[in-house]
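Let the hints inform the model, and build the full structure from the sequences given.
Residue numbers (this note's numbering): 4 to 73.
If you're looking for bench data, these hints aren't it; they were derived computationally from the structure. We treat Cβ as the ideally placed atom computed from N, Cα and C, and that holds for glycine. Wrong hints could be hidden among the right ones.
[What the hints assert, rightly or not] Pairs of lysine-lysine, DSSO-like flavour, derived with a Cα cap of 30 Å: (1) Lys-32 with Lys-50; (2) Lys-32 with Lys-73; (3) Lys-50 with Lys-73.
[As the list claims (entries may be wrong)] Restraint ranges, calculated between C-beta atoms of paired labels, are given here: (4) Tyr-26 with Gln-49: 19 to 25 Å; (5) Gly-64 with Glu-9: 35 to 41 Å; (6) Tyr-63 with Ser-23: 16 to 22 Å; (7) Asn-59 with Tyr-15: 33 to 39 Å; (8) Thr-10 with Glu-66: 27 to 33 Å; (9) Asn-47 with Asp-17: 19 to 25 Å; (10) Ala-8 with Asp-60: 38 to 44 Å; (11) Leu-54 with Asp-17: 21 to 27 Å; (12) Glu-19 with Leu-67: 18 to 24 Å; (13) Asp-17 with Leu-43: 20 to 26 Å; (14) Leu-18 with Leu-54: 35 to 41 Å; (15) Glu-46 with Ile-22: 28 to 34 Å.
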Amino acid sequence: VYNTAETPYGPYGDLEVLISDTYPFAYGKNIYGGFTHELLSEENGQKIYILVSQWNDQIYGVELFEVIFK
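In structure tokens, the structure reads:
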């Protein structure tokens, strides 16, 4: 989830869901993270990339998500 504000101090808007448990993950529904970094952004922060770890009993993987704010 995320929310936005005009300043770092708020007031913040409503929470928005980026990834839910209904997303068809390749390696199961065990997910962790939602990590990003300032170098994983483009277009002055309007596009960011998020790394989400996922696993099951036999495999571990990381999926890259692109998020575009409009």
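Structure-based check of each hint:
Distance check on the hinted pair: Lys-32 and Lys-50 sit about 25 Å apart at the alpha-carbon level, within 30 Å; holds. At most 30 Å may separate the alpha-carbon atoms for a hinted pair to count; Lys-32 and Lys-73 meet this at roughly 28 Å. For the hint linking Lys-50 to Lys-73, the alpha-carbon distance of about 9 Å falls within 30 Å, and the restraint holds. Range check, Tyr-26 to Gln-49: Cβ separation about 22 Å, and the 19 to 25 Å hint holds.
Against the hinted window of 35 to 41 Å, the Cβ-Cβ separation of Gly-64 and Glu-9 comes to about 37 Å, which satisfies the hint. A hinted range of 16 to 22 Å holds for the C-beta pair Tyr-63 and Ser-23, which are about 21 Å apart. For Asn-59 paired with Tyr-15, a C-beta distance near 35 Å keeps the hint of 33 to 39 Å intact. The given range of 27 to 33 Å is respected by Thr-10 and Glu-66, whose C-beta atoms sit roughly 32 Å from each other.
Asn-47 and Asp-17 have their C-beta atoms about 23 Å apart, which keeps the hinted 19 to 25 Å range intact. A C-beta distance of roughly 41 Å is found between Ala-8 and Asp-60, which places it inside the suggested range of 38 to 44 Å. In this structure the supplied range 21 to 27 Å holds for Leu-54 paired with Asp-17, their Cβ-Cβ distance being about 25 Å. At roughly 19 Å, the beta-carbon separation of Glu-19 and Leu-67 lies within the given 18 to 24 Å, and the hint holds.
One distance hint, 20 to 26 Å for the beta-carbon pair Asp-17 and Leu-43, holds here, with the actual separation near 25 Å. Checking the proposed 35 to 41 Å range against Leu-18 and Leu-54 shows it is violated: the Cβ atoms sit about 21 Å from each other. For the pair Glu-46 and Ile-22, the beta carbons lie near 21 Å from each other, so the given range of 28 to 34 Å is not met.
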